[in-house]
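Using the sequences and the hints, build the whole thing.
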Amino acid sequence: MHTPLRHLSFKQIKKFALNIFMDKSNDPINSKSNAQSYLSVSTQSNIKYKPMPDPLSVYVPLNSLTEETIDSIVSTVQQRDKRNWNQSKRTLLAFLLAINNKVNEIEQNNHSNNKFDEQTVQHAAKVRQWLIEKVQFGDNKELQWDELRQNYEKMVHQNDDNEMAKQLNITTIEPYYELAIEGVHRDVNRSREYMARFRSCGWKPNELKVYWNATQLENLCPKYETNDIQVKEKDKNLPSHDPSDADAVLALRQYPVSKRNHAGTITYVNKGIQDAVFDAPKDAQLIVLNFANERTPGGGYLRHSLAQEEIILYNSDGYRSLLDLKYGRMGGGYAIPEFGLAYVRDIRFFDARTDKNRRADMLVSACYCLSGSPQLYKNPPSTEECIINHIAKFRAFIAAAVANTIGDGSNTYLLLGPIGTGAFGNDVNDIGYAFREVLSSKMMGSNGPIRHAFGNIWFVSTDKWKNNRLEKILSEDSISNVE
Numbered sequence: 001m002h003t004p005l006r007h008l009s010f011k012q013i014k015k016f017a018l019n020i021f022m023d024k025s026n027d028p029i030n031s032k033s034n035a036q037s038y039l040s041v042s043t044q045s046n047i048k049y050k051p052m053p054d055p056l057s058v059y060v061p062l063n064s065l066t067e068e069t070i071d072s073i074v075s076t077v078q079q080r081d082k083r084n085w086n087q088s089k090r091t092l093l094a095f096l097l098a099i100n101n102k103v104n105e106i107e108q109n110n111h112s113n114n115k116f117d118e119q120t121v122q123h124a125a126k127v128r129q130w131l132i133e134k135v136q137f138g139d140n141k142e143l144q145w146d147e148l149r150q151n152y153e154k155m156v157h158q159n160d161d162n163e164m165a166k167q168l169n170i171t172t173i174e175p176y177y178e179l180a181i182e183g184v185h186r187d188v189n190r191s192r193e194y195m196a197r198f199r200s201c202g203w204k205p206n207e208l209k210v211y212w213n214a215t216q217l218e219n220l221c222p223k224y225e226t227n228d229i230q231v232k233e234k235d236k237n238l239p240s241h242d243p244s245d246a247d248a249v250l251a252l253r254q255y256p257v258s259k260r261n262h263a264g265t266i267t268y269v270n271k272g273i274q275d276a277v278f279d280a281p282k283d284a285q286l287i288v289l290n291f292a293n294e295r296t297p298g299g300g301y302l303r304h305s306l307a308q309e310e311i312i313l314y315n316s317d318g319y320r321s322l323l324d325l326k327y328g329r330m331g332g333g334y335a336i337p338e339f340g341l342a343y344v345r346d347i348r349f350f351d352a353r354t355d356k357n358r359r360a361d362m363l364v365s366a367c368y369c370l371s372g373s374p375q376l377y378k379n380p381p382s383t384e385e386c387i388i389n390h391i392a393k394f395r396a397f398i399a400a401a402v403a404n405t406i407g408d409g410s411n412t413y414l415l416l417g418p419i420g421t422g423a424f425g426n427d428v429n430d431i432g433y434a435f436r437e438v439l440s441s442k443m444m445g446s447n448g449p450i451r452h453a454f455g456n457i458w459f460v461s462t463d464k465w466k467n468n469r470l471e472k473i474l475s476e477d478s479i480s481n482v483e
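With my numbering, letter number 165 in the sequence shown gets 165, and the count goes up by one each step, no holes.
Derived by calculation from the structure, the hints in this document are not laboratory data. Hints may contain errors.
Unchecked claim - Computed cross-link-like contacts, EDC-like style, restricted to lysine to aspartate or glutamate with a CA-CA straight-line distance of at most 20 Å:
#	residue 1	residue 2
1	Lys166	Asp81
2	Lys134	Asp54
3	Lys154	Asp54
4	Lys464	Asp408
Just so you know, these numbers come straight off a predicted model, no measurement behind them.
Set out below in structure tokens:
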């Protein structure tokens, strides 16, 4: 007789789910009936989700890894702060171990066969050199991989070490416990109704993407243009990519960025994002920038905070997508890459007054928090370095929007805004100049400013003065065509 799932421990549930995940017959991607591929292991019978994959099996974009990205991961994992919000450090440590496994594989196979091309072998050697602990005063230290693996296993077994759950007085932590918390604000309950209406089984794996930096997206672009628009998904000449990016790789070949030369009209919309999405043409693709918290799905959503990310989630089914990132793509933890982002296909915004809904893709990106609140990544030591890093972040989410446009981008509305200038305390001028730098630069093979990859770009904010400041900055010589 089988033990009921509700009587199993979290560790037993995870092991059981992983066994099912490894069984091809139950693989959500290969299954004929997608509904049958979901497994409800929550004590709440109405919460269904896919089995959690092994976090160490995550896709590693090896050729896209930079010294900057490696330093971010290593330094954050090595931080002495014991607080662990949503297992963020465990998520980064799992990726670090996966990187080491990939480099080991390349090093071990380099002399035995031609499995990896010379460019990959050479870049793996660079990555190996970057995999060190940098010490401010003194010699750099080699990473102790056995110790790191032991720390990871310890984190896995001590799953209750979760600061967010402790703050919410949650004693029993299981996957998707966030959806069963009682006594939450009516806005949270209303958004749960939205989730149940359209996303009761969550997001599919190919609808959730994680990018570690802009280079990962640049590398998806074709090095040479082709006249063959019928690009095959299994073409051996396609670049290495995460399975979730199969659509982006094909689209970038069918609609090369070099041939996208649209108006890129910039408009300033002084209203809430939940209202602005309904102002765009009904047939347009919307891509919305979420001013996200990098270590907690939805930031203060469960506490009914009222920042931009939370407003998006109260008025959409998007919170479920962030939990699917946490329990699916990120193996039970949550960490938005410092120089990257997460990308979500097809959330739905709802207008409670009219019961209308509107689809939009969501860019999940985070700025540094300069107001003194706890955060996952350390702030850069100077304002200049902070601006440089913000430009790197912005390049990543603009590149993600370009790669994931439907068609050639002419009917895409990219909804941006003064990210990080509220509770995170960033200066509006600094954010404005970062946007100006990125939108006016050439990227991904474009022949001009990357903003021309889109038909329309909206800056959406409830603070008119912030939009006025952004407009002044973006209207300077290098940016024009503003409405």
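Consistency of the hints with the structure:
1. Only pairs whose Cα atoms come within 20 Å are accepted, and Lys166 paired with Asp81 is accepted, the gap being roughly 16 Å.
2. Using a Cα cut-off of 20 Å, the hinted pair Lys134 and Asp54 is violated, with the two alpha carbons roughly 29 Å apart.
3. Of the supplied pair hints, the one linking Lys154 and Asp54 holds, its CA atoms being roughly 16 Å apart against a limit of 20 Å.
4. Of the pairs offered as hints, the one joining Lys464 and Asp408 is violated, with about 31 Å between alpha carbons and a cut-off of 20 Å exceeded.
Hints 2 and 4 from the list above are not met by this structure, while the remaining hints are.
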